[in-house]
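My request is simple: use the sequences and hints to build the entire structure.
2 protein chains.
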Amino acid sequence: MNALNVAEYTHTLGSQAKAASALMAKAPAAVKNKALRALARLLREHTAALQDDNARDLERARAAGLAEPMVDRLKLTPKVLETCAEGCEQLAAMADVIGEIIGMKQQPSGIRVGQMRVPIGVFGMIYESRPNVTIEAASLSIKSGNACILRGGSEAIDSNKALARLVQLALAEAGLPEDAVQLVQTTDREAVGQLIAMPQFVDVIIPRGGKGLIERISRDAKVPVIKHLDGNCHTYVDAPCDVAMAVKVADNAKTQKYSPCNASEGLLVARGVAAEFLPLIGAVYAAKGVEMRVCPESRALLAPVAGAKLVDATEQDWSEEYLAPIISIKLVEGVDEAIAHINHYSSHHTDAILTTDHVHAQRFLREVDSASVMVNASTRFADGFEYGLGAEIGISTDKFHARGPVGIEGLTSLKYVVLGEGEVRG
Amino acid sequence: MNALNVAEYTHTLGSQAKAASALMAKAPAAVKNKALRALARLLREHTAALQDDNARDLERARAAGLAEPMVDRLKLTPKVLETCAEGCEQLAAMADVIGEIIGMKQQPSGIRVGQMRVPIGVFGMIYESRPNVTIEAASLSIKSGNACILRGGSEAIDSNKALARLVQLALAEAGLPEDAVQLVQTTDREAVGQLIAMPQFVDVIIPRGGKGLIERISRDAKVPVIKHLDGNCHTYVDAPCDVAMAVKVADNAKTQKYSPCNASEGLLVARGVAAEFLPLIGAVYAAKGVEMRVCPESRALLAPVAGAKLVDATEQDWSEEYLAPIISIKLVEGVDEAIAHINHYSSHHTDAILTTDHVHAQRFLREVDSASVMVNASTRFADGFEYGLGAEIGISTDKFHARGPVGIEGLTSLKYVVLGEGEVRG
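In order, the protein sequences belong to chains A and B.
Per the numbering used here, residue 1 is the first one in the first sequence, and the count goes up by one each step.
Per the numbering used here, residue 427 is the first one in the second sequence, and the count goes up by one each step.
Quick caveat, the hints were computed from the structure, so don't treat them as lab data.
Treat the hints with care, since some could be wrong.
What the hints assert, rightly or not - Stretches of chain A that chain B covers, calculated by requiring three or more beta carbons in the stretch to come under 8 angstroms of a beta carbon on chain B: (1) 11-17; (2) 293-301.
Claimed, not checked - Sample of chain B residues lacking proximity to chain A, with all beta carbon distances greater than 12 angstroms (derived): (3) Gln442; (4) Glu485; (5) Asp498; (6) Ala519; (7) Glu599; (8) Glu763; (9) His774; (10) Leu815.
Said to hold, decoys possible - Calculated cross-link-like contacts (lysine-lysine; reagent style BS3-like; alpha-carbon spacing at most 30 angstroms): (11) A:Lys105 / B:Lys587; (12) B:Lys653 / A:Lys18; (13) A:Lys161 / A:Lys79; (14) B:Lys674 / A:Lys105; (15) A:Lys227 / B:Lys452.
Ideal Cβ positions, reconstructed from N, Cα and C, are used throughout, including at glycine.
Right, dumping it as structure tokens:
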């Protein structure tokens, strides 16, 4: 396709999505759930065929010299497909939030005013690599009564096309418009530029991928973007605290998994508890091979720990998202300095305080300006499933509209509903 | 100021606002209310001085040949100032929503997860003409725990400066940072361009003014915009309906006031009720001098009405926001055609159905894609005060974040709060 054709093609997708969104918005819950269960069944019935389609992507990736861990992320194994199918069934079993009316109150004029939850309309999703995102996005879109346009990575195009075909079969089986979930069929990069600049058709863009991709999309988009940038998360060990618990939580927050955005990258420790706490956590990190980027005071307390990998922290370390067995460690005077440090250096994703002091806990919750603030829990919990949202389309580090893990409600908006009996304005 | 100086100046405002916002976010409700009551007192104490400052704006406006209705909008009469003072006191008397925690639920892991309402941070407000907006925006900003940067029109600069000085005195009296409310002191247009492009300092922009201003700001802003474009509102008279009520409501929706955005600009009438209803409403409109832009069928029914000003409607009329004694009138088959017409031509602001049919009412509420949908009430009710929001910073015709009248909650966001007892992720 040339640029003109791509623009025309993307506009056609947009106009079809817009038309489908009106039908999706009024679809009864039972019909949307029927489509989700049909999709689960189709994914199981077509597991072998999907693997054949997936094999072409894998072959191309290997031929292009992609590293094996990257090839792994592309794989549609029977286990991955079963997880997708179960996800669809879980969504089908969840209550439908569309149409719920909240806060209906009578006003002095006599009218009753409330808000009805409705789908946002059409969302565009731009993602890389893992083709199972196609099913996650499609199923969330169906459940939330939206239409969506999906643009996966070129490396997964054959898998994504096969998956999207099944989604459209499931929609048709339930009597819903196939255009409710459309995959961009071209790998031309121009399609992304078009997709993010059609406010007449697309209500919000959700990018998932590297920071470069997300920054580029945020800069160029002509519609709102639900974006997730860095996860520079902190665990602050307060004085007083339960030191044994603090060791367990600070360990989990860093080492349970290194790559997720909700892993802690910075450890702040109150001076009053540092002499007791630091050698204990230092020994845990040393045993797991976690490198510690330390301030001078914490170096002094950690130096005696056998096998500790200590590196002097630079200013840059306080802002760093390592996603690796590395953690920065800094001593602070107390909760004031901890809050100030976090509000300055954190990426406003997730930050936790470990404390037994009620006032410190309340101040931390109120004053730390992050999407998730925690008391006595591992930052690793910042996740749509752990929060009970049932599903997650992404995590927002913005304050506008959706903040933190974004589930079905993040794909909805509230419109005002006014019920009268012939009232007029005086 | 030259462009460079304006950029530097605006950045200084931004950085000061950002610093002040952290203090405002943690200010206790009593302290914010103290500032609001101090502001009310200061407005009353300085009424004479404020009128002197205002007189300079009025003089300049008259010298520039501004029409007297426009000059009127600039006036800070004792009545206008008293209304401002009362508004501050009403806000002070309202419950504080900042810090409220909603939906706290225990999850299978043991953690409890809820959401805390927090200020959005810093908002920028760009407005024209009426200087009392300075007090409305400042008082809402204080109550909601935000900081704001206000950019009024050059025609009201002396009044705005005087009002902003009082706001800062009130903040200081309560022990709050004066930078929590800053007025852009230069009338240089470059300052607007800067203000809307500082995502590091400003979280959201709220423009109030003509459509041209709002479109320009939406196009160029690098931060989210809460925008209100047209108000092409509809009243649909269904069959069956209470015809006497329909006449009363359709009259009020059009004629109670012609200039507001929530006045009805289009009247749709079901064929089944048109022969009875149209001559009645036609006589009302004729008596009030309202011009009717009619489809051929409604012309036939309205032609016998004495004094009716009938004009054949063009395609353009269905999209028009008249803000004048003009209304478009079209016959439709029923609720399906009404919904389709509205979703096609409406500006998604406010649309009402007048009906006695329960199913029609429910379908209209669910399927009309507008910020406010009403049953048996005048579209003129679409307003923050009438909805019980206590105050209104603007009306949003967007779906993202805030939709419809925007009160204090529209200036807040929800962050996740997680309370644990040492839980870790498995």
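Here is what the structure says about each hint:
Counting residues of the stretch 11-17 of chain A whose beta carbon lies closer than 8 angstroms to any beta carbon of chain B gives 0, which falls below the threshold of three, so the coverage claim is violated. Check result for the stretch 293-301 of chain A against chain B: violated, 0 residues qualifying (beta carbon to beta carbon below 8 angstroms, three or more required). Annotated as non-interface, B:Gln442 keeps its C-beta farther than 12 angstroms from every C-beta of chain A; the closest such distance is 16 angstroms. The claim that B:Glu485 lies off the interface holds: its Cβ sits roughly 36 angstroms from the closest Cβ of chain A, which is beyond the 12 angstroms cut-off.
The claim that B:Asp498 lies off the interface holds: its Cβ sits roughly 22 angstroms from the closest Cβ of chain A, which is beyond the 12 angstroms cut-off. Residue placement check: B:Ala519 keeps its beta carbon more than 12 angstroms from all beta carbons of chain A (closest about 16 angstroms). For B:Glu599, the condition that its CB be more than 12 angstroms from all CB atoms of chain A holds, with the nearest at approximately 24 angstroms. Look at B:Glu763: its CB is around 14 angstroms from the nearest CB on chain A, clear of 12 angstroms, so calling it non-interface holds up.
At roughly 9 angstroms from the closest C-beta of chain A, the C-beta of B:His774 falls inside 12 angstroms, breaking its exclusion from the interface. Against the 12 angstroms criterion, B:Leu815 falls within the reach of chain A, whose nearest CB is about 9 angstroms from its own CB. Taken as a hint, the A:Lys105 and B:Lys587 pair is broken in the structure, with Cα atoms around 39 angstroms apart against an allowance of 30 angstroms. For the hint linking B:Lys653 to A:Lys18, the alpha-carbon distance of about 21 angstroms falls within 30 angstroms, and the restraint holds.
For the suggested pair A:Lys161 and A:Lys79, the alpha carbons sit about 20 angstroms apart, so the restraint of at most 30 angstroms is met. Between B:Lys674 and A:Lys105 the alpha-carbon distance is near 24 angstroms, which keeps this suggested pair within the 30 angstroms criterion. Note on A:Lys227 and B:Lys452: the hinted pairing holds, with a Cα-Cα distance of about 26 angstroms set against a maximum of 30 angstroms.
The earlier numbered hints that this structure contradicts are 1, 2, 9, 10, 11.
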